[in-house]
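Protein chains in written order, with the working numbering: chain R, 72 to 362; chain D, 284 to 850; chain X, 720 to 890; chain G, 17 to 456.
Simulated from the structure, these hints should not be mistaken for laboratory data.
Don't take each hint at face value.
[Claimed, not checked] Listed below are several chain R residues computed to face chain X (Cβ distance under 8 angstroms; list not exhaustive):
(1) T110
(2) F116
(3) I118
(4) D122
(5) I202
(6) I270
(7) L274
Beta carbons: idealized from backbone N, C-alpha and C, even for Gly.
The primary structure of each chain is shown beneath.
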Amino acid sequence: MKYAMFWGCLIPAREPNYEVSVRKVMPAFGIELVEMEGTSCCAPFGIQSLDYTSWLALAARNLCIGEEMGLDIVTLCNDCYESLLMVNKMLKADPELKNQVNEILAEVGKEYKGKVDVKNMVDVLYDDVGIEKIKDAVKNPFTGLKVATQPGCHLTKPRRIHFGEREFDVLDELVRATGAETIDYDRRQSCCGGPLRGINDELARDVARMKLISMKNVGAECIVTVCPFCFLELDMSQLEIKRHFKEEYNLPVLHFAELLRMAMGMKLDDWEIKLHRVPLNPLLEGRLQEG
Amino acid sequence: MEVNDEVRIGVFICHCGINIGGVVNVPEVVEYAKTLPGVVYAEDNLYTCSSVGISKIKEGIVKHNLNRVIVASCTPRTHEPLFRSACEEAGLNKYVFEMANIRDQCSWAHMHEPEKATEKAKDLVRMAVAKARLLKPQEEPEIDVTPSALVIGGGISGMTAALCLANQGFKVYIVEKEPELGGMLRHLYKLYPTMQDASERLNQVVKAVESNKDIDVLTSTVVKQVKGFIGNFKVTVEKGNSKTLNLDIGTIIVATGAANFEPIGMYGYKQYDNVITQLQLEQLLKAGQLEKPERVVMIQCVGAREEKGRTYCSRICCMTAIKNAMLIKELYPEAEVCIVFRDLQTYGKEYERCYLDARSKFVQFIKYVQEKPPEVISEPNGKLIVRIYDALLDSEIEVPSDLVVLSTPLIPHEDTKELSQILKVSLGPHGFFFEAHVKLRPIDFATDGIYVCGTAHSPKDTAESVSQAFGVASRAAIPMAVKRLRTEAITAVVDENLCSGCGTCVKLCPYGAIEKDEKGVARVTEVVCKGCGVCAASCPERAIEMRHFTKEQVTAQALAALGRAIA
Amino acid sequence: MANLSEELEPSFMHEVANTPRGKGVLTCIQCGRCSSSCPIARLVDEHNPRRLMEMIILGSRDEVLHTKLPWYCLSCFTCLDRCPQGGDVAEVMFAIRNLAVKEGNVADGFAAQGRSLVETGRIVNPTMMMIKKREKLGLSKGPSTATEEVQKILKKTALDKLIASKRTVKK
Amino acid sequence: MLEKPAVLIIGGGISGIQASFDLASRGIKAYLVEKSPSIGGRMAQLDKTFPTMDCSMCILAPKMIDCSHHPNVELLTYSEVKEVKGSAGNFTVKVIKKPRYVDLTKCTGCGMCVDNCPVEVPNEFDEGLGMRKAIYMPFPQAVPRAMTVDKENCIECGLCEKVCEAEAVDLDQEPEEIKLKVGAIIVATGFEMFDARRISEYGYGRYQNVLTSLEFERLLSASGPTGGHIVRLTDGGVPRRIAFIQCVGSRSQRGELPYCSSVCCTYATKEAILIKEHNPESEVYIFYIDLKVFGKGFQEFVNRAKTEYGVEYIKGHPGKIEENPKTGDLIIRYENTIDGKVREITVDLVVLCPALIPRRDNERLAETLKVELDEYAFFKAKDPLFAPINTNISGVFMCGYCQGPKDIPESVAQASGAAAKAAEEIALTSSKGGVDSGSK
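Could you put together the complete structure from these sequences and hints?
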């Protein structure tokens, strides 16, 4: 399977460890990720808050690149996924809107035709690779590890509400494929607080705290997410909460790609471990480094 | 076997499977029954109500020449008719039969004390025997029913009921006090939820009524007097306060509708000329005389759902307001319409959608609470300001408006009181007619032969009135279709020389079955009497007695209960 | 709660409903499921999505567009998930933000994102240190960015002028 | 042509009973077909009825008995309509009598067989809260007062056959097909309850102490699984704080039911008053969007609940319910939209008032009768205002909740209406058909 890889901007700029894990894991399942040339910001909620038309134009421009390559686009970050998916669906459904956008794209010699689809890495792993193949690839299962998953609002809610697509538990099934246990906690479907970073940091931290409390109540040992925003928020806010509320949660946060990589027997390099503000070592000693 | 000869009582005691037999020692009660004076035969069986049990009663009556029968088993409410018809089939009058409830009032109630329950069963049988000795046969009088119906009120309800009865083959008279048929719908423009044109649909119904040869329409006519009872009403009506007519009527349908409340002194009504009611607005719309308003503010629950007085919800005002708002938006799309409400009554299948349609057409909805109602203030330039405490925003807002529309409740017509006295039917707490049972007899009156439908019963919209109108058409058709009615045998009997003419019984009788005659003595119309016993119990002179529950019989039972030997 | 009796503009409801993503405001029946599900409303009294919808319906334009009210929302769609009307509270929030931005009321964080987008074609760019680390690991400097194309587009949609005209916020 | 005018009534709830009784009382034969073992319908499951607080069974049982004893009524319980041919005035109907495995003429409902039956399964009549045997009577006042064998769960041990003194049990009974000739048909199939599981944020089906109102009604009923005692299902304790949530699935445009079910605000008030009567110190909350008080006596009923009983009405539809796994308590997140505050309240028990929806097999019945359904799958009125009881097929009428949301008095009045329309149909078709039915 070949996909046009839309890395977005947050992962390459702040979390290269996520990128490295993806580059290591995906080929192992025969998924070829073709680099996209000349992409741009996907216009996430921040830009959508500024201007509707700019959002459509920027997202459509990125979609055109995928069309020119003749490949469906795969995204990692929830916000890139939501922005590209929604614009793709809206333009396909509304020819009048499509013409408006194409008028703007004409400025840069591009035209949106609606020939490709947008997928998230989670869907690719679940649909194309499949749970069984993932289980077979696992050499170092995390039996007994209590994982609280954070699929993320922008990945799961808009597509379910607007287009009635898939429920939440795709990420849970993938995590269970690595041998770990997933726990249901009450605030599983609620927000990590990330989008308010830079706007109202205390509020973002308090929203994250509600989620951490809910995870701790059911005995979670670590958090697994797929969205870089959720990763940063849930990771950094644990330090801020320790300073401000003097509460310790010690819930290490992992990208699913990292969890899968380790389960497949590959080890994380030191620089990758250091990028996790909540230390991974309680997780690493017990389990990860034998493999 | 003549009844007034020697008393020969047969007692049939039931096990009811384990319900009685599991607690009460039934054979012991049978033996005891045999010792009681007048009892010539007693037996027990597993299920007296089964086909086997019934045939044993019949055989017993014939074999032992019984002229009184007692069954000691369960509740008369469900099984008395069954055992009475068994006695009848064996040639006995069904009123020389008495039941003793040794299940619900004995074995079930004293499940954990079998000995005491058995003793109590004996007491209950002894009481039944004491009464049975004094029982006399009764006859159920039969009356003929004139197959003609009187419909009071020519609105949509009255006309619908009349048409349905006529199509079933009955003669119908419609009495309408206005000079023309139509009632409330004549004043309406469109009907929610389908926005059908009121007068167009109304005229179709009026034409159908006027062209139906079985319906006599008497307009500008009022009911003056009603005498008689179900099937035999003598109704006097007056046409144009000159000609009077006497009609022979079998059943009466009250479909007199309701009036609109005039909110004098509320929200500036009649004080400022651009404060009108929903009905006035509807008439302006109908006549096409509504000038283009800039901003219309409608206020709900004006004079309704009050602390005291008109505490009821008038059901149709929310939907009327939404309908009129949509009509205004259709006529003048840029006009702003704002509905100030307490609780929106958009119930049922269609009305929620009308509410959402209104919202999608930019109609504003503001919620106020009963404690802080809106105020209408007039500006010097004639414009109005509606000051509203928006409960959902917890803040005071001022809405300028050039037309304020008040949604007022339906209230009973003034002449409802008078009609209720003529028909001798009661009115509810708010002056609407009071039905026999709010749940299971919603369109009957307690008095047989008189029925109610439409807004005379309580505020409702066209669809609900029409459904009730068809309903009364069925209720009224029943007596008229069977042509002869058997009425209650257990009725009240007045002793003339004891009656002081105080009239207590006349006031209290729920069925209007007692009247004072010329000599001032209370007279019972037996066919209307239901045998409820209210008059007998409340008569200060002890002048009234109930057949089958005479003073003598009840006293005998009481003495038997106290263990005195039966005289 | 502030007294709203200053000038109410009934046209505000029309304006929001005719703004892209804004028509959901007309389906709101004020049931309260969004405000009781919103993580922010639970922490902060000022933010109440239901009350915001009522304010739009009533037309308190000034109160909504010229204060911090548009900038509390997480855009986490929980309200959208719970709204029985399929109404789009979260979507309406974007419509209000677009209108607020036109009136110069932009949350600082988003204004910064806008500026970075106009200058570099992205909101977040790798620092020099990160670029060195990536090269050390054999990774590219980061995905190639068609900055000029982005700038041409944003000139056409006039986003550049929009961010420049930031005015101070009332509350 | 018809020898004796007859009408088929489908559905033995209060509407079907009233329509049959009206027709029978005026000399028209009424065939009352009921799918379950007994007539009585939803009303039989209720404890009390609003606004008078009459005990539901006390006012229903006499109607059921009068109706079943009437010579002109033929009860066809545990039966279903299979096929309808012909047209107004002359329908031929095929009814399948499902095997009861008990002879109705012999069984007196004494209950010996039930005591000896070893099989226990959840009782549908108690909404699954109580149990019943494989041979059972749905409720003590059932009409006909006879047992029915539920063959799916019966292990054919034959004990019931042995102990039955009336030799009424006959385990190899076969389905029976009956042909009826009727002049008109009345549909009165009532309603079902929306599956509250679909509103996952309220946790029905996951949290034990979240009940539906019909389940709660069974707890309140003396004939119910707890003999009328209100208990928490987790620990059987007496709940002190109980919350009602209105419009669960109703008034919802996102794929559930877009209409208002009309009766929930008032029956929730009734159930709240009953709680206060059972246990005066209990606290009862009703979370609503718009309180529907439009019926006769409803507003006064709510006023009594507020002033006399202290029931608290909160205008605010809760967003979510969370369960404290240790105690089984339920935490409700809501906003009191009157003071704009978002709050949490912990209660012992939550009663959901789910939407009341048309019966699932309305589709099949509509096909059999060739009548149209509306977009909610209620039966469609020919003209909602002026012919609310007619369907699009002449001679086929409808009444009660199957036509649209309404309470018991409206259903009873409409049932009499359907009886009138059926009688009118028979009168018109028979006079057209030459033979004068004599009623003119």
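Of the numbered hints stated earlier in the document, which are not met by this structure? Checked against the structure, the only hint that fails is number 5, while the rest are satisfied.
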